[in-house]
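S.K.: In case you want the letters, here they are:
Protein chains: 2
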Amino acid sequence: MAAKDLWSTDPRDALRVGPDFDLASFDRNGQPGWDGDKDDGQAYLPERGEEMSELQERLFAEGREGGKRSVLLVLQGLDTAGKGGIVRHVVGMVDPQGVALASFGVPTEEERSHHYLWRIEKELPPPGRIGVFDRSHYEDVLVVRVDELVPEDVWRARYDEINAWEKELVEGGTTIIKVALMVSYAEQGERLMERLERPDKHWKFNPGDLDTRSKWPAFQEAYADVFRLTSTEDAPWYVVPADKKWYSRLAITEILTRTLEELDPQWPVADFDVEEMKKALVATGEDAPA
Amino acid sequence: MAAKDLWSTDPRDALRVGPDFDLASFDRNGQPGWDGDKDDGQAYLPERGEEMSELQERLFAEGREGGKRSVLLVLQGLDTAGKGGIVRHVVGMVDPQGVALASFGVPTEEERSHHYLWRIEKELPPPGRIGVFDRSHYEDVLVVRVDELVPEDVWRARYDEINAWEKELVEGGTTIIKVALMVSYAEQGERLMERLERPDKHWKFNPGDLDTRSKWPAFQEAYADVFRLTSTEDAPWYVVPADKKWYSRLAITEILTRTLEELDPQWPVADFDVEEMKKALVATGEDAPA
Chain U
1 MAAKDLWSTD PRDALRVGPD FDLASFDRNG QPGWDGDKDD GQAYLPERGE
51 EMSELQERLF AEGREGGKRS VLLVLQGLDT AGKGGIVRHV VGMVDPQGVA
101 LASFGVPTEE ERSHHYLWRI EKELPPPGRI GVFDRSHYED VLVVRVDELV
151 PEDVWRARYD EINAWEKELV EGGTTIIKVA LMVSYAEQGE RLMERLERPD
201 KHWKFNPGDL DTRSKWPAFQ EAYADVFRLT STEDAPWYVV PADKKWYSRL
251 AITEILTRTL EELDPQWPVA DFDVEEMKKA LVATGEDAPA
Chain C
1 MAAKDLWSTD PRDALRVGPD FDLASFDRNG QPGWDGDKDD GQAYLPERGE
51 EMSELQERLF AEGREGGKRS VLLVLQGLDT AGKGGIVRHV VGMVDPQGVA
101 LASFGVPTEE ERSHHYLWRI EKELPPPGRI GVFDRSHYED VLVVRVDELV
151 PEDVWRARYD EINAWEKELV EGGTTIIKVA LMVSYAEQGE RLMERLERPD
201 KHWKFNPGDL DTRSKWPAFQ EAYADVFRLT STEDAPWYVV PADKKWYSRL
251 AITEILTRTL EELDPQWPVA DFDVEEMKKA LVATGEDAPA
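Those sequence lines, one after another, are chains U and C. Numbered according to full-length UniProt numbering, the first sequence spans residues 1 to 290. Numbered according to full-length UniProt numbering, the second sequence spans residues 1 to 290.
Just so you know, the hints here were simulated from the structure itself, not pulled from any lab data. Any given hint could turn out to be false.
In silico contact screen, one side only, chain U against chain C (beta carbon under 7 Å); selected entries [stated by the list, open to error]:
#1 Gly189
#2 Pro217
#3 Phe219
#4 Trp267
#5 Val274
#6 Ala288
Partner residues aside, some chain C positions facing chain U, computed with beta carbon under 8 Å [unchecked claim]:
#7 Asp40
#8 Trp216
#9 Asp287
What follows is a list of derived Cβ distance ranges for each label pair [as the list claims (entries may be wrong)]:
#10 C:Ala288 to U:Gly84: 18 to 26 Å
#11 C:Ala3 to U:Glu190: 33 to 41 Å
#12 U:Ala2 to C:Asp234: 26 to 34 Å
#13 U:Val170 to C:Glu110: 27 to 35 Å
#14 U:Glu47 to C:Glu197: 25 to 33 Å
#15 C:Glu148 to U:Glu161: 46 to 54 Å
#16 U:Glu148 to C:Arg64: 23 to 31 Å
Fair warning: this is a prediction, and the values are worked out from it, not measured in the lab. All residues carry an ideal CB built from backbone N, CA and C; glycine is no exception.
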């Protein structure tokens, strides 16, 4: 059995948020669609990464020769859900030249003085590139909502606005892959404790993380609304169980790779006469002119 | 014998441009400092990459906690010298979150309407980051000189200006590693032919590459002046033979890693009471609040 066949269900189908999605009962320790175990997953990851990497290069080449398509991977998740690990271990498998990475924290005062999409638009991937957002415009209906940084009528209006904005992006040639990494409360506690126990992890811990943890129910509610209101046909959400890091990395690699496979970017056809250029090159000789 | 010991000379010493450097007699097929062969080099590369990657994370952590230090890798070289391969295979070994990558081509008209350092300064790495310039401000004394895009007195003034500007950068906490990949004329011809023979490489070929190749002596002269005039104590040039791709990747990895080892970044000390935080975390319990 080939490793690929251990995906008994396409993870895009297994993880896509549909009308019946219920965050409260979602198993954050699951491995939907993958019939193998951790070892199988870890063995398959680099192999699949190679394929993803070649597809990325084709997309990049297409973009260099006038193609307009790009991919945007939006990563959301609470502290310790593993967003950084996805960037390092999944995005890190492709050529850095093909990636446009941006991180968005709680909006700064300057950013809040602009429209909330202002800082986001500046970071959209150019044609041919895979954009990666470590947090995103969804912070404007998550932390901004939970911490009441704007009035309710303001954030309530944003779901529709985001849907319309993403639809335009998709029409412009960007394939949007929205991934929410969902870690369980217990696992988050363990990962925070690990950051406190290891001096090489202290810098990753912020006392504010406990404050955010204390608002768990409000964040779950805000996430549930995000999934309910912004998982569109143009830009669906994939909710990925994050208690098993090996699974979330494997699943996101698979989603990215299958998306690229469907985009099926082709090596651009030369816009010059190849045989003529070969002759011209041969004529330059093997020894440097003096 | 440990693989590391196959570096009989620190590549920074073996490759640094000193007063006696002579580009005309430089062996572009050499492997200065490395006593092993290609297999040894390829076996050692990922191992050394792991070490580089951990050091990069420490530097990143330092930058997150107020440290001001950064590293800037400047990559120069003629077409096919392998700059892209260095980004992919060397820079690609570290976490994308720790890298700030920028590419500079022939300056656009808008860029030429500004001071030539304008577009460069915008891309300098923030604290904690490894900046990577695929081409750089040196284009302004290379292609700009060869193609006479500005008058001679203008480009002649730039060497001193660049030295002064880099000195300021270094004083501000940036370690600058300037690497020129030097490919031979014959090898460049072969690599260009490969791009013409393989349809998946056609997009990397530009008919203008033959025009640039025809200006080989002028570019060699311009490079020789760059090395003679801008290899300073603050920011020396390393000229790397590029006919053996495995060697150039190995050497640049080694230069980067040794530089990071000397910077010796430390995990930041927690600015909060760790034991108090552990207690507070335990108090949040294992079950999500309702």
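S.K.: So, for every hint listed, does it hold in this structure?
M.R.: Structure-based check of each hint:
1. Gly189: Holds: closest Cβ of chain C sits about 6 Å from U:Gly189, inside 7 Å.
2. Pro217: Holds, about 6 Å.
3. Phe219: 10 Å, violated
4. Trp267: This hint holds: U:Trp267 lies near chain C, its Cβ roughly 5 Å from the closest one there, short of 7 Å.
5. Val274: It holds, given that the least Cβ distance between U:Val274 and chain C is near 6 Å, below 7 Å.
6. Ala288: 4 Å, holds
7. Asp40: 23 Å, violated
8. Trp216: 5 Å, holds
9. Asp287: 7 Å, holds
10. C:Ala288 to U:Gly84: 18 to 26 Å: For U:Gly84 against C:Ala288, whose Cβ atoms are near 23 Å apart, the range 18 to 26 Å holds.
11. C:Ala3 to U:Glu190: 33 to 41 Å: Taking Cβ atoms as reference, C:Ala3 and U:Glu190 lie about 37 Å apart, which means the hint holds.
12. U:Ala2 to C:Asp234: 26 to 34 Å: 55 Å, violated
13. U:Val170 to C:Glu110: 27 to 35 Å: 30 Å, holds
14. U:Glu47 to C:Glu197: 25 to 33 Å: Taking Cβ atoms as reference, U:Glu47 and C:Glu197 lie about 28 Å apart, which means the hint holds.
15. C:Glu148 to U:Glu161: 46 to 54 Å: With Cβ atoms ~51 Å apart, the hint holds.
16. U:Glu148 to C:Arg64: 23 to 31 Å: 27 Å, holds
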